[in-house]
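**Student:** Single-letter residue listing:
There are 2 protein chains.
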Amino acid sequence: MHELAEVGYGRLSIEAVARRAGVGKTAIYRRWSNKLEMVLEIVSDVAGRSVPLPDTGSFAGDLQLLMMIVSRALQHRIASQIIPDLMAEASRNPQIAETLQKALRTHQQAVGEKLIGQAVTRGELPPGTDPEVAVDLILGPLYWRLAVSRTPLGDDYLETLIRVVTAALKTG
Amino acid sequence: MHELAEVGYGRLSIEAVARRAGVGKTAIYRRWSNKLEMVLEIVSDVAGRSVPLPDTGSFAGDLQLLMMIVSRALQHRIASQIIPDLMAEASRNPQIAETLQKALRTHQQAVGEKLIGQAVTRGELPPGTDPEVAVDLILGPLYWRLAVSRTPLGDDYLETLIRVVTAALKTG
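Those sequence lines, one after another, are chains A and B. Here the UniProt record's numbering is used: position 122 in the first sequence is 122, and no number is missing along the way. Here the UniProt record's numbering is used: position 130 in the second sequence is 130, and no number is missing along the way.
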C-alpha cells in the first residue's frame, strides 16, 4: 500500500515492494504472478471491508456521521494517493476497472439501502426516495471537493452541505 | 492528447508523441524541455478555454444545460481517460496539482458566480446562496457517477438530479 501510494501503479515494481517489505522477490512471486494480480487482491481486500454504516436513530445524525467518515477517509494521505491512481489505471485496465466498480457499487448500494431505507421507515424521507440519486448527492460533492478540486472544507461547509442535501432529499 | 489518453502520464514518452505526430524528437524538444512541461502546457491550454456558460433566462434552464454539458464532457472518451490520469499524477506532482487546481477553481468560481448570481438576481434563489456549495452540489454527483463509480445515467437520472439540486438550493 505504501509503495503503491508513493510511486503509483504505473511505476510500481515487484522488486521495490519486496525491498520495502524486507523479503525476497521470490516470496512475492510465490503469492502473486504479477503486479496486476497483487494490486487487485489488495484493492478487493480493502474495498471489500464493510464500511461501518451509521444508525444514530435519526437521518440527520446518520447523514452527519457518514459525511464525517467519508470526508476523513478522503483526506487520509494514503487514500488520497491510491484512489486517484487506481481510478486512472481503471480507465485503461478493464480488470482493475471491474474490481473497483464492483466494490464501489456494492458499498454504494449498501449505504443507499441502509441509510435511505432507515429514513423512509422512520418517516423522515418520502417513500419514493431514489437511493442511487441520494448516494450520489451525499458522496459526490465531498469527493469532488476533496479528491478533485482539492479545496479544503471551510468552517461551515459540512454543516451547509448536510442541510442542503437533507432539504433536497425531503422534497423527493 | 491522444497518446496521453492511451498510455497515461507515467508511461508517456516524448519519442512516442513525436512518432504519433509524425515529427522528429528534436522538434518536440525545441518547444518543451521535458514531458512535464509539455503536458502542463496542454492542460493549461485546454483547461483555460472558457466553458460556455449558459444563460437561458431561468435557473431551471441554466442548470439543465450545464448538467448536460458536464455529463457529455465526462463521458467523452479522451476526457474520461485523461482526467483520472492527471488527477493521479497531481497527487504526487505539485506542479501538475497546482496547474489543475488553478484551472478547476477558476472555472468553478466563474460557474458559481454566473449561474448562482443570475438566479439570485432573478429572485429564483435566496440571496445568501453559497456559490461554492452550489457548484459542488451541481458537479459532484455527476463526477462521482460518471468518472468514479462509472455507472451509466439511467433514463430519469438527470431529471431527478436537477429537481433535487434545485430543491436543495432553494432552501438556501
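Just so you know, the hints here were simulated from the structure itself, not pulled from any lab data. Heads up, some of the hints might be wrong.
[Said to hold, decoys possible] Partial selection, computed: residues in chain B whose CB lies under 7 Å from chain A:
1) Lys25
2) Tyr29
3) Arg30
4) Glu41
5) Ser44
6) Leu139
7) Ala167
8) Thr171
[As the list claims (entries may be wrong)] Okay, derived cross-link-like pairs now, DSS-like style, lysine-lysine, Cα gap no bigger than 27 Å in a straight line:
9) A:Lys35 <-> B:Lys35
10) A:Lys25 <-> A:Lys35
11) B:Lys170 <-> A:Lys170
12) B:Lys114 <-> B:Lys170
13) A:Lys114 <-> A:Lys170
14) A:Lys102 <-> A:Lys114
Backbone N, C-alpha and C define an ideal beta-carbon position, used for all residues, glycine too.
**Student:** For each hint, tell me whether it holds in the structure or not.
**Tutor:** Hint check results:
| no. | hint | result |
| --- | --- | --- |
| 1 | Lys25 | violated, 22 Å |
| 2 | Tyr29 | violated, 23 Å |
| 3 | Arg30 | violated, 27 Å |
| 4 | Glu41 | violated, 20 Å |
| 5 | Ser44 | violated, 16 Å |
| 6 | Leu139 | holds, 6 Å |
| 7 | Ala167 | holds, 4 Å |
| 8 | Thr171 | holds, 4 Å |
| 9 | A:Lys35 <-> B:Lys35 | holds, 26 Å |
| 10 | A:Lys25 <-> A:Lys35 | holds, 12 Å |
| 11 | B:Lys170 <-> A:Lys170 | holds, 13 Å |
| 12 | B:Lys114 <-> B:Lys170 | holds, 17 Å |
| 13 | A:Lys114 <-> A:Lys170 | holds, 17 Å |
| 14 | A:Lys102 <-> A:Lys114 | holds, 18 Å |
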